[in-house]
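Based on the sequences and whatever the hints tell you, model everything.
If you use mature numbering (1 follows the signal peptide of the UniProt record, and there is no 0), the sequence shown corresponds to residues -19 to -1, 1 to 99, in order.
In case anyone wonders, no lab produced these hints; they're calculated from the structure.
If you're wondering where the values come from, they're calculated on a predicted model, not measured in any experiment.
Honestly, I wouldn't trust all of these hints.
Derived pair list, reagent style DSSO-like, types lysine-lysine, alpha-carbon separation capped at 27 Å [said to hold, decoys possible]:
#  : residue 1 : residue 2
1  : K20       : K(-17)
2  : K57       : K23
3  : K(-18)    : K20
4  : K57       : K46
5  : K(-18)    : K12
6  : K23       : K12
7  : K28       : K46
8  : K23       : K(-17)
9  : K57       : K12
10 : K23       : K46
11 : K12       : K(-17)
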Amino acid sequence: MKKAIIVATLSALSLSACSMRVADMTVGSTKNYNINAAKFVKGERVKGEDTYPVILFPLGIPNVKTAMDKAIETDKCAVGLTDVVVTQLNHAFIVGSIGFRVEGDQIIDTTQPGCNRG
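As structure tokens, then:
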């Protein structure tokens, strides 16, 4: 009986994961652009992640900026995100992964070359 409880506890710990909402933002960007000089349209909802594996210790340091860059750069015309949610990911107990997820609606700059959208 004790063996079964120990196995169940270790299984639960190894399969457990935790995601925590870190921030909600109306507008967020890592790009330099003049917010007053352009015509913007709302694009699709996108996601960007920066994660690193954990094998007893993390094998890297995740960064919110990298996750946001990955989300913005899914479209060459995007300059930022709106309705942004930043989530910290902790899916590790001895082995697993850690990181950040940034999710938001793209802000598309239609004044950039090749970005004229209706």
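Which constraints among the numbered hints does this structure fail? Numbers only, ascending.
1, 3, 5, 8 and 11
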